[in-house]
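Asker: Residues per chain are reported as follows:
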Amino acid sequence: MNAWLQAVLWVLMILVVMLANGSLIIYMLRKVLGAAHLRIGPQELGPAGIFQLIPDIIKLLTKEDRHPNNSDRWLYILAPIIIFLPVLVAFGFLPFGYRMVAADINMGIMMMIAFIALVPLGVFAAGWASHNKYSLIGAIRSIAATITYEIPLLLSVIPVVIMAGSLNLSEIVLAQANSIWFVIPALPSAIIFLICAQMETNQAPFDMTEAEGELVAGFSTEYSAMRFGFIFLAEFAGNFVLAGLAVTLFLGGWTLPGVDPATMGILAPVVFVIKTYAVIFLFMMVRGNFSRFRIDRLAQMGWKRMIPFTLVWTIVFAIGYRAFQLWQPSLGSLLTSVFGGGG
Amino acid sequence: MGLTDGYINPGWLSPEPPFGITVPRNINRIADDPLQLCTDHYLLNVGPQHPSTHGALRVIMELDGERIMSGEAHIGQLHRGIEKLAEHRRYHQLATLVDRADYVSGITAETAVALATEQLADIEVPERAQWLRCLMAEVNRIASHYMWMGPMGLDSGAMGIFLYMQRDREAFIDVLEEMTGQRLMFNYVRPGGVRGDLTPRAEQLLRDYLKTGVKRMQEHWDSLFESELFQVRTKDIGVLTREQALSYGATGFVLRASGVDWDLRRDRPYDAYDQFDFDVMTRSNGDIFDRMVCRLDEVRQSLRIIEQCLDGMPEGPISAKLPKVLRVPEGDACGIVESARGEVGIHIYSDGSDKPLRMRYRPPTLYSLAMAESLLPGMLLADAIVGMGSFDFCFGEVDR
Chain A
1 MNAWLQAVLW VLMILVVMLA NGSLIIYMLR KVLGAAHLRI GPQELGPAGI FQLIPDIIKL
61 LTKEDRHPNN SDRWLYILAP IIIFLPVLVA FGFLPFGYRM VAADINMGIM MMIAFIALVP
121 LGVFAAGWAS HNKYSLIGAI RSIAATITYE IPLLLSVIPV VIMAGSLNLS EIVLAQANSI
181 WFVIPALPSA IIFLICAQME TNQAPFDMTE AEGELVAGFS TEYSAMRFGF IFLAEFAGNF
241 VLAGLAVTLF LGGWTLPGVD PATMGILAPV VFVIKTYAVI FLFMMVRGNF SRFRIDRLAQ
301 MGWKRMIPFT LVWTIVFAIG YRAFQLWQPS LGSLLTSVFG GGG
Chain B
1 MGLTDGYINP GWLSPEPPFG ITVPRNINRI ADDPLQLCTD HYLLNVGPQH PSTHGALRVI
61 MELDGERIMS GEAHIGQLHR GIEKLAEHRR YHQLATLVDR ADYVSGITAE TAVALATEQL
121 ADIEVPERAQ WLRCLMAEVN RIASHYMWMG PMGLDSGAMG IFLYMQRDRE AFIDVLEEMT
181 GQRLMFNYVR PGGVRGDLTP RAEQLLRDYL KTGVKRMQEH WDSLFESELF QVRTKDIGVL
241 TREQALSYGA TGFVLRASGV DWDLRRDRPY DAYDQFDFDV MTRSNGDIFD RMVCRLDEVR
301 QSLRIIEQCL DGMPEGPISA KLPKVLRVPE GDACGIVESA RGEVGIHIYS DGSDKPLRMR
361 YRPPTLYSLA MAESLLPGML LADAIVGMGS FDFCFGEVDR
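Residue numbers (this note's numbering), protein chains in the order written: chain A, 1 to 343; chain B, 1 to 400.
Be aware that one or more of the hints could be misleading.
DSSO-like mimics (lysine-lysine), calculated; alpha carbons at most 27 angstroms apart, straight line [what the hints assert, rightly or not]:
#	chain 1	residue 1	chain 2	residue 2
1	B	LYS235	B	LYS84
2	B	LYS324	B	LYS355
3	B	LYS215	A	LYS31
4	B	LYS355	B	LYS321
5	A	LYS31	A	LYS63
6	A	LYS304	B	LYS235
Examples of chain A residues lying across from chain B (beta carbon under 10 angstroms, computed) [said to hold, decoys possible]:
#	residue
7	ARG30
8	LYS31
9	LEU38
10	LYS133
11	ILE140
12	ILE143
13	PRO205
14	PHE230
15	ARG287
For the record, the hints were derived by calculation from the structure and aren't laboratory data. Every value quoted in this text rests on a predicted model; they were computed, and no experiment measured them. All residues carry an ideal CB built from backbone N, CA and C; glycine is no exception.
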């Protein structure tokens with residue numbers, strides 16, 4: 001096939017997945033968070049309110065597109081796109097199945113985290129351009145939070161890379177299919193990764209950037225209509241990307257234990273999406289039940305607890321893993337025969 | 001978290017901060033040092049449309065980054081001239097006005113009006129009416145406490161607890177609706193007695209809650225108060241010392257959270273409160289967490305009073321026989337009750353006609369507002385929202 005045509009098809013597919021994911025997460029958010037809060041959620045339009053999204057989209061599309069006086073107009077227009085695009089690109093690195101990945105490159109993890117790390121830039125641009133003090137406070141908080149969580153996020157990935165021996169996400173998935181899910185040997189890393197993912201997606205208890213009790217709506221206070229819609233679509237897509245990354249790194253990606261990856265076929269993306277939404281469900285339950293961090297407490301947790309812990313844990317893990325490899329090859333093959341697939 | 005754990009404790013007011021920590025007021029204004037980043041303070045207008053000012057409060061804060069340098073509360077957005085309107089209402093009609101002053105716990109304010117009028121006109125209230133007043137006041141107190149604790153969760157970012165509290169409040173609001181026909185503006189307590197008797201359904205609703213209430217309160221305790229994230233946001237923050245509380249005229253739970261053992265229901269009992277067995281809950285730190293725990297404990301005590309009310313309610317009439325148009329002798333009288341937010345005092349001057357010459361409403365939260373304002377300097381913005389919320393302002397009452 002023509003390489004250009006292939007690229008366009010991939011981008012279109014990612015857009016479709018992204019939109020479908022956005023609508024699914026909105027519905028799930030309303031119902032899951034509603035159940036966690038003793039509420040019902042939408043119920044009027046369609047069975048169990050599944051068509052609630054349609055009027056929501058109509059509302060977003062038809063609302064007045066205004067921008068505040070004295071705002072930095074071009075930056076204000078550009079900011080939602082800066083938030084949206086990196087997440088769109090990050091989608092391209094997620095392996096949905098065997099060779100079902102838009103960009104199967106050897107630097108998969110690095111590229112993915114690099115693109116996700118661009119999002120706070122857009123958040124800051126939005127807050128800065130809005131010419132609103134609440135937005136500005138939210139924007140500055142997002143920068144302060146970014147440098148707190150990016151480092152432990154990266155460090156928590158290292159044990160996975162050590163075990164898989166590759167930065168390529170597809171190979172990490174296959175490595176898990178050949179041995180065990182990496183969440184078992186690297187559980188502390190998985191927990192740190194999930195906490196950082198929660199921060200990365202600006203969800204409670206780490207929603208300081210949009211803390212509605214304090215900052216009205218934080219960096220997005222002045223946004224309305226489809227620009228607001230883009231910010232939210234990016235947030236939900238970010239949710240999926242981070243959850244998908246967690247699944248890929250720690251929960252075996254699109255494979256199932258005991259099933260030959262080569263025979264998964266069309267089942268692979270289904271398995272992947274189900275696992276991803278299970279992680280998103282976990283995010284939502286945390287989101288619905290805890291008090292918000294204060295930004296200085298977050299920095300304290302990041303710099304004083306998470307970074308030293310992940311550093312020490314990564315070193316300990318690396319040494320332990322090497323020792324395991326050297327002295328217990330027989331145990332390794334035993335584990336493989338118990339947990340691993342036939343691949 | 002101790003006070004010295006890397007943080008400036010924002011709660012202090014005294015010129016000598018504890019543990020030798022100093023808050024440099026102009027930390028960013030050292031312009032002589034070229035390496036020092038020079039930043040400016042800025043003003044932030046919080047409210048009256050801000051999502052968490054609990055009504056129509058406007059606070060103008062001078063901020064240095066997120067640290068508040070000074071704060072100024074502007075009130076009056078909800079002023080309806082209730083005290084002036086009272087001069088054109090008959091004594092029976094005053095309850096409808098004070099309902100709209102403290103719209104979250106109306107029964108207690110109504111009781112204060114009734115007490116003042118009864119003192120002026122020298123009316124004997126039947127025993128059953130007194131017990132019904134106590135019962136309804138406690139029901140309303142719990143509803144009001146839940147209405148405050150839930151939004152405190154919202155202020156600190158925990159959205160779930162708000163709706164759990166609303167569920168529990170709903171049980172008590174249902175009782176109030178059953179007894180008075182209203183969910184908010186009860187107009188239930190009147191000079192000489194109360195308007196309606198205890199209905200079987202209301203009693204059933206209350207007995208049902210008494211069975212499940214302890215378990216539900218344990219749920220609240222586990223999900224909000226036990227949460228470390230919440231404790232970090234509330235402990236050692238917004239500290240009001242015993243001396244400050246007394247000098248600012250704090251009453252009610254604010255005073256008790258600061259360690260003063262004072263409750264009108266026990267120390268100057270009105271209605272039937274001298275016949276109930278209950279404890280006055282006090283805490284010692286005076287921070288946000290203590291104010292919350294103090295009120296959760298109060299809910300437990302209120303449940304005890306409700307149980308005693310239901311078990312020992314005396315028979316008899318629910319209202320004294322009074323003329324349709326009540327004329328009271330010349331003079332003045334003051335009715336003071338322990339409201340959910342503190343002491344509500346209503347002072348009525350009478351010139352002998354059927355309408356008061358002057359009514360003065362003493363709102364407890366107006367004084368709390370002064371305390372909250374004095375605590376603002378040195379706090380972080382995020383703490384200030386929780387801190388101001390912890391005083392439970394009701395702006396219908398503050399502005400009147």
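Asker: Next, verify each hint and record whether it holds.
Answerer: Outcome of the hint check:
Restraint check for B:LYS235 and B:LYS84: not satisfied, since their Cα atoms lie roughly 41 angstroms apart, outside the 27 angstroms limit. Taken as a hint, the B:LYS324 and B:LYS355 pair is honoured in the structure, with Cα atoms around 13 angstroms apart against an allowance of 27 angstroms. In summary, the hint linking B:LYS215 to A:LYS31 is supported, as the alpha carbons are separated by about 26 angstroms, within the 27 angstroms threshold. For the proposed pair B:LYS355 and B:LYS321, the alpha carbon gap of about 19 angstroms is at most 27 angstroms, so the pair holds.
For a cut-off of 27 angstroms, the pair hint linking A:LYS31 to A:LYS63 stands: about 25 angstroms separates their Cα positions. Of the supplied pair hints, the one linking A:LYS304 and B:LYS235 holds, its CA atoms being roughly 20 angstroms apart against a limit of 27 angstroms. Contact between A:ARG30 and chain B, as hinted, is not supported at the beta carbon level, the nearest pair being about 13 angstroms apart and thus beyond 10 angstroms. At about 14 angstroms, the closest approach between the beta carbon of A:LYS31 and any beta carbon in chain B exceeds 10 angstroms, and the interface hint on this residue is violated.
Restraint check, A:LEU38 versus chain B: the minimum CB separation of about 5 angstroms is within 10 angstroms; hint holds. Annotation: interface hint on A:LYS133 holds; nearest CB of chain B at approximately 5 angstroms, less than 10 angstroms. The beta carbon of A:ILE140 is positioned within 10 angstroms of a beta carbon in chain B (closest approach about 8 angstroms), and the interface hint is therefore held. Checking A:ILE143 against chain B by beta carbon gives a least distance of about 13 angstroms; that is not within 10 angstroms, so the hint is violated.
Nearest Cβ of chain B to the Cβ of A:PRO205: about 6 angstroms, under the 10 angstroms cut. The hint holds. Because the closest C-beta pair between A:PHE230 and chain B is about 23 angstroms apart, greater than 10 angstroms, the hint is violated. For A:ARG287, the interface hint holds, the least distance from its beta-carbon to any beta-carbon of chain B being 8 angstroms, beneath 10 angstroms.
Comparing the model with each earlier hint shows violations of hints 1, 7, 8, 12, 14; every other hint is respected.
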